[in-house]
Each structure stands twice: as structure tokens, then as C-alpha cells.
Amino acid sequence: MGGVADDRLEELVRDLTPRVLGALVRRGADFASAEDAVQEALVEAVRRWPDAMPEDPAGWLVTVAWRKLVDAGRSETARRAREERVADEPAPGPAEEGDDTLLLLFLCCHPALTPASAVPLTLRAVGGLTTRQIAGAFLVPEPTMAQRISRAKRTVADAGVGPPGDLRAVLQVLYLVFNEGYTGDVDLAAEAIRLTRMLAAASDEPEVGGLLALMLLHHARRAARWTDEGALVPLEEQDRSRWDTRLVAEGVDVLQTALAQDRLGEYQAQAAIAALHCDAPSAAETDWPQVLEWYDELLALTGSPVVALNRAVVVGEVDGPLAGLAALRAVPPDVPRRTAVQAWLTERAGDRPAAHALYAAAASQAGNLAERDHLVRQAARLHGSG
Amino acid sequence: MAKYLLLKHYRGGPTRTEAGCIPMDQWTPQEVRDHIAFMDHVADTLRERGEFVDAQALSPEGAFVRYDGEGRAPVTDGPFAETKDLIAGWMAIDVESVERAHEVAAFLSSAPGAGGVALQEWIEVRPFLDERPGELD
Numbered sequence: 001m002g003g004v005a006d007d008r009l010e011e012l013v014r015d016l017t018p019r020v021l022g023a024l025v026r027r028g029a030d031f032a033s034a035e036d037a038v039q040e041a042l043v044e045a046v047r048r049w050p051d052a053m054p055e056d057p058a059g060w061l062v063t064v065a066w067r068k069l070v071d072a073g074r075s076e077t078a079r080r081a082r083e084e085r086v087a088d089e090p091a092p093g094p095a096e097e098g099d100d101t102l103l104l105l106f107l108c109c110h111p112a113l114t115p116a117s118a119v120p121l122t123l124r125a126v127g128g129l130t131t132r133q134i135a136g137a138f139l140v141p142e143p144t145m146a147q148r149i150s151r152a153k154r155t156v157a158d159a160g161v162g163p164p165g166d167l168r169a170v171l172q173v174l175y176l177v178f179n180e181g182y183t184g185d186v187d188l189a190a191e192a193i194r195l196t197r198m199l200a201a202a203s204d205e206p207e208v209g210g211l212l213a214l215m216l217l218h219h220a221r222r223a224a225r226w227t228d229e230g231a232l233v234p235l236e237e238q239d240r241s242r243w244d245t246r247l248v249a250e251g252v253d254v255l256q257t258a259l260a261q262d263r264l265g266e267y268q269a270q271a272a273i274a275a276l277h278c279d280a281p282s283a284a285e286t287d288w289p290q291v292l293e294w295y296d297e298l299l300a301l302t303g304s305p306v307v308a309l310n311r312a313v314v315v316g317e318v319d320g321p322l323a324g325l326a327a328l329r330a331v332p333p334d335v336p337r338r339t340a341v342q343a344w345l346t347e348r349a350g351d352r353p354a355a356h357a358l359y360a361a362a363a364s365q366a367g368n369l370a371e372r373d374h375l376v377r378q379a380a381r382l383h384g385s386g
Numbered sequence: 001m002a003k004y005l006l007l008k009h010y011r012g013g014p015t016r017t018e019a020g021c022i023p024m025d026q027w028t029p030q031e032v033r034d035h036i037a038f039m040d041h042v043a044d045t046l047r048e049r050g051e052f053v054d055a056q057a058l059s060p061e062g063a064f065v066r067y068d069g070e071g072r073a074p075v076t077d078g079p080f081a082e083t084k085d086l087i088a089g090w091m092a093i094d095v096e097s098v099e100r101a102h103e104v105a106a107f108l109s110s111a112p113g114a115g116g117v118a119l120q121e122w123i124e125v126r127p128f129l130d131e132r133p134g135e136l137d
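First to last, the sequence lines map onto chains A and B. Mapping the first sequence onto the working numbering, position 187 (from 1) lands on 187, and the numbers just tick up by one. Mapping the second sequence onto the working numbering, position 117 (from 1) lands on 117, and the numbers just tick up by one.
Hint data in this document are derived by calculation from the structure and do not stem from the laboratory. Take these hints with a grain of salt, some might be off.
Unchecked claim - Chain B side only, calculated, beta carbon under 7 Å to chain A, not exhaustive:
1. M1
2. G50
3. F52
4. V53
5. D85
6. G89
7. E96
8. E99
9. E103
10. L129
11. E131
12. R132
13. L136
Beta carbons are placed, not taken as given, at the ideal position from N, Cα and C, and that holds for glycine.
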């Protein structure tokens, strides 16, 4: 049996780690000890595999990690009870398929965790990112992120591996990871797509397909969303020739398969809206009435005020800005971006001085610099216009 | 998660409580030690919870500085006028909600002063502006 090249080894290790960790946890090891054991087994793999690659790398890692776990148990007399329990269990056979990775994913998205804790834990344990990378992505010191991850592990350990995990919680965590985008030195959007693909390969739940399609369709537009200077480009002004048609085609395909199951959910509805945008050769050619129908579905499914806000924009496209402003009245005043939408509709309705004041107010309420700069430019554009 | 800057002021802000008006140089050495130990305790608690980003104290000395045209030395103005707002230091935190940010600010504000009485200092809480919006619009 021959060896394996370094770059291939790295990729393999990243794929296998969550599976091996999942296998140990399924066999009753606690999260933290299992992770230590897997890390030790990986060190051994990196040393040995370049010369002799085992036939079943996952099985090899599970066996070695299990031995490390037992050894660690033996060296801690205070944990005698657990040592006996672990030592009594039969040595595991070849690792089961990708199911163990999924088990780990559900464990990391445990309902006992807040999404904010589940996100870094998932990136660490399932995504295989280092604590330093995750800390860099979320712009916090490494010890802070290490604490956040270890607290999350303790919460999971205390709550125990209960009944089959909550798919909705998993989807929400993957959605949040995707939304982080490219930050620090890791592309979290790409990482979320990788994990969601893995989940989709193992589950035919239509909402999993819906979420994957939503990610692909948004990812397809990424290059057009920013100018070279880093300014935000709104959808209607994006250069559509820069959209990634291959990703659009894949997203539409995944979405159609999900919709064919006739069990609509919020991710499928969001993906359907994204697909209609991707399908339009220009902003003016968007099928707004159909977009509005999907927003009605989405609003019925979620009751979310953010959805109601976006729906008001679409009402403005279908029935004109005054109808859009009327729809906006039902949106609570504290919904983020409400003033920005009001400014946009007011300008379209022809009241430029009022729109100028609204854009300026929206800029002062913006939650991030890119949006604030965009709104300041809009206000400046209308400055002094009558 | 969202980041907030918690600002402590030497001067300025809403009216202080009586305990908050006694300058630190009039406390006993033990009261000063207790105050500093409490501040360290707050930072340690935040580190343990995975919420700590940064903390820094600032000297009350300093100056305002501005550009004064090509080839000219910068103009300075200072020391700071007694009437001006003056920042004493900051703590940056990364927390789940604005409610949690306020809770941390109140925790800082409960630091003991003269006589071991809580200072009830006003802490200014300011949200960070992220660089950019999320991937999903």
C-alpha cells in the first residue's frame, strides 16, 4: 500500500475528522475527551500515512482514537468508573458511513445551545476549522473563542445526547454560518455550502434542499454584489453577466427537486424568490407578480416582520410606490431597514425632498458600514433636489 | 453576536450619585485595591463566558490635535478643559443581545468605591457598526 500526498492528506483528514468524532460520541465517549483522542489519532495519521495509507482510513482513525481514549481513561484513576465502562466495550469495527458526521452535526446544533454558541462549535467540530480561524472570522481574541467553544461543549455534555436532533436548529445554524460570508481568512459561506451539501446528501427533507438552493443562488450573485472599492451594489444595479450561471443552474435544480415533494417551507420559499431574481435578464424584466406570490407564501409561513418589510418593496414594484407605502404601514417601526425602504418608495412616488430626509435618517440607523455608506450616497444624490 | 463598546468617563454623562463624586485619591488604599480587584473580576467573568474582546484604561492627560495645512506643524489644544467630557477607558464585548450588553454595563457600574459603596457610575454603551451586511439580502 502506497503513501498519500500532503495536500490530499489534509483534505482527507478534514473530511474524516467529524466522522471519527461522531463515531466515538455514538459509542458513549464524552465530547471533550473524544476530541482530544481524535486529535492524537490525527497526529499519528499525519506521521504514518505518507508512507503507508490504510485501506479504510476512517476505520483506522476510529480504532486508534478509541485506543487513545481508553489509555487516557486508564491514566486518570479518579475516573475509574468510566475507565471500566470504556474498557469493557468491544473494539469498534470499521467506521460506519457518513452517518456519524451527521450525528455530530446534530449534536453541535443541540437545542440546548443558543445559535450563537452552536455556530462556532459546528465550525470547530464538524467544519474542522481551527479555533484561531474561527476567532479571526468573528473578530474576537482566540482565548475568548476557545472559551465559547468549550462552554458549548459542556452544555451539550450536560444536556446529553437526547432524541434525534432538531433539523430546524441545524438548518438555522447553517443559515447563520452562510450569512457570515467571507470574513477573517475563511470563507464561511463556502463552508456552510459544503456542510449543507453533506446534510443534503444524507437527507431528502425538502427544507434541506431549500436551504442549499437558497445558498447556491445567493452565492451565484456574490461577485456582482460589491464594487472593486468595496461598495455595496443593490440587486437592481448589479451586472448580471457576473452572476455564476453554473451555481444558478445547480440551485434551481436542487430547488425543483425539493418543491416537487410538495411540502413547502420557509427556505424553499426564500430560494424560489432568489431563483426568480436569478432568472430575470434585467431588473426591469423580473417577474414581480410571481415574486409577490412567493412573499405572500413566505409571510404566511413565518409571520416575520422582516418578510413583511421586503414584501412592501415588491408590492411597490407590482402596484406602484403608493401601494408599497400602504403595505409598509403594517410593518412595525423598529424593524431594521424600514426607514431605508420608506425612503426608496417615497423617492419612487416623486417626493424627493422627503426621500432625502428619510435616506439621511436611514443612514444614521444602519447596522453596518457598507449599508450606511450606500444610504449616505443616496441621501447625497437627492440633496438640494426639489 | 454583536459587539458593544462600554465607555467609562472621568467626567461628563448624566449626574453622578454621591458615592460617584468622591475622587479615587480620597479613598483608602484598601478601597482602591477592592475596586481594581472588582474590575479584574468583571473582565475574568467575561473571558470565561467567551464575551471578552478588549479592555483599556486611558490617562486623563492628552490633547486635541488637528491638521493645519501643508508644511505646517499640527495644531494642538489641551490640556482638556475641565468642563469637557473625558473618557477614562473602555471595554469591548461580544454578546448575544443588547439586553446582555446592558447587563454587563450594570455589572461594571456596580464596582465598589469609597466605603465599599457601589459607585453606580454611568457607563456609555455603544454598538459597533459591522463592516458589511450578511450574505443574504
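Results of checking the hints against the structure:
Look at M1 of chain B: its Cβ gets to within about 5 Å of chain A, closer than 7 Å, so that hint holds up. With 7 Å as the threshold, the beta carbon of G50 of chain B comes within range of chain A, its nearest partner Cβ sitting at about 3 Å, so the hint holds. About 5 Å separates the beta-carbon of F52 of chain B from the nearest beta-carbon of chain A, less than 7 Å, and the hint is met. Interface hint status for V53 of chain B: upheld, as the beta-carbon distance to the closest one in chain A is roughly 5 Å, under 7 Å.
For the restraint placing D85 of chain B at the interface with chain A, the shortest Cβ-Cβ distance is roughly 20 Å, beyond the 7 Å limit, so the hint is violated. For G89 of chain B, the shortest C-beta to C-beta distance to chain A is roughly 18 Å, which exceeds 7 Å, and the interface hint is violated. Interface restraint check: E96 of chain B against chain A, minimum CB-CB distance 5 Å, threshold 7 Å, status holds. A distance limit of 7 Å between C-beta atoms decides the matter here; for E99 of chain B the minimum to chain A is near 13 Å, and the interface restraint is violated.
With a least beta-carbon distance of about 15 Å to chain A, the hint placing E103 of chain B at the interface is violated under the 7 Å criterion. The interface hint given for L129 of chain B is met, as the beta carbon of that residue sits about 5 Å from the closest beta carbon of chain A, less than 7 Å. The criterion of a C-beta within 7 Å of any C-beta in chain A is met by E131 of chain B, whose closest approach is roughly 5 Å, and the hint holds. The interface hint given for R132 of chain B holds, since its Cβ lies 4 Å from the closest Cβ of chain A, which is under the 7 Å cut-off.
At a threshold of 7 Å, the smallest CB-CB gap from L136 of chain B to chain A is about 5 Å, leaving the interface hint in force.
In the structure shown, a violation is registered for the earlier hints numbered 5, 6, 8 and 9, in ascending order.
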